[in-house]
Amino acid sequence: IIDEAINVPFVYDNEPLSKLCTSIAVMMQQKAPVAEMEKLARTPAEHRVLKSMQAAYQTSSTWVAQQDYTYDKRENRYYKVTAGRIKHSGWSLALEIKNFLDHLTDKVAYKERLFTMNRPHVF
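Start counting at 1 in the sequence shown, then tack on 674, and there's your number in the working numbering.
Source of the hints: derived by calculation from the structure; they are not laboratory data.
In this text, all values refer to a predicted model and were calculated from it rather than measured experimentally.
Cβ atoms here follow ideal geometry from the backbone N, Cα and C, with glycine treated the same way.
Heads up, a few of these hints could be off.
In silico DSS-like links for lysine-lysine, alpha-carbon gap of 27 Å or less [unchecked claim]:
hint, residue 1, residue 2
1, 747, 713
2, 781, 747
3, 781, 693
4, 761, 725
5, 725, 747
6, 693, 785
7, 713, 781
8, 725, 713
9, 705, 785
10, 761, 781
11, 713, 761
12, 693, 754
13, 754, 713
14, 693, 705
15, 725, 785
16, 705, 725
Beta-carbon label-pair distances, calculated as ranges [stated by the list, open to error]:
hint, residue 1, residue 2, range
17, 758, 688, 24 to 34 Å
18, 732, 756, 11 to 21 Å
19, 757, 706, 18 to 28 Å
20, 778, 756, 14 to 24 Å
21, 781, 761, 16 to 26 Å
22, 710, 758, 31 to 41 Å
23, 689, 764, 16 to 26 Å
24, 757, 700, 28 to 38 Å
25, 719, 759, 18 to 28 Å
26, 785, 717, 12 to 22 Å
27, 700, 721, 10 to 20 Å
When you get a sec, could you build the whole thing from the sequences and use the hints?
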């Protein structure tokens, strides 16, 4: 049996979009209206990121501590919990927002996916 599921995403930090995300997160923290946030987005990519930020904020606001995410004292930040284990290697825009809004980080990192590699597994 050969499994060719998508399993290795290649991502990079997008600094301009990270700055936009941080600005949007500051506005979210201040409970600014969505119309004000929309003024920050000028390009199609920025509008896409704004929509992603709004969705990620909604997602993170429904999370339950210790079940969906947990705090790591050594790292001083939240991490996602998957199958009862802390996932240190994973990146999530929702986690970035949660860490920023709870003052654990001073910026929101936005990672863009370049491509995803399929690595076949033979069983």
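Status of each hint after checking the structure:
| no. | hint | result |
| --- | --- | --- |
| 1 | 747 / 713 | violated, 37 Å |
| 2 | 781 / 747 | holds, 19 Å |
| 3 | 781 / 693 | holds, 8 Å |
| 4 | 761 / 725 | holds, 25 Å |
| 5 | 725 / 747 | violated, 31 Å |
| 6 | 693 / 785 | holds, 12 Å |
| 7 | 713 / 781 | holds, 20 Å |
| 8 | 725 / 713 | holds, 13 Å |
| 9 | 705 / 785 | holds, 24 Å |
| 10 | 761 / 781 | holds, 21 Å |
| 11 | 713 / 761 | violated, 35 Å |
| 12 | 693 / 754 | holds, 23 Å |
| 13 | 754 / 713 | violated, 31 Å |
| 14 | 693 / 705 | holds, 18 Å |
| 15 | 725 / 785 | holds, 15 Å |
| 16 | 705 / 725 | holds, 16 Å |
| 17 | 758 / 688: 24 to 34 Å | holds, 32 Å |
| 18 | 732 / 756: 11 to 21 Å | holds, 20 Å |
| 19 | 757 / 706: 18 to 28 Å | violated, 37 Å |
| 20 | 778 / 756: 14 to 24 Å | holds, 20 Å |
| 21 | 781 / 761: 16 to 26 Å | holds, 21 Å |
| 22 | 710 / 758: 31 to 41 Å | holds, 40 Å |
| 23 | 689 / 764: 16 to 26 Å | holds, 21 Å |
| 24 | 757 / 700: 28 to 38 Å | holds, 34 Å |
| 25 | 719 / 759: 18 to 28 Å | violated, 34 Å |
| 26 | 785 / 717: 12 to 22 Å | holds, 18 Å |
| 27 | 700 / 721: 10 to 20 Å | holds, 18 Å |
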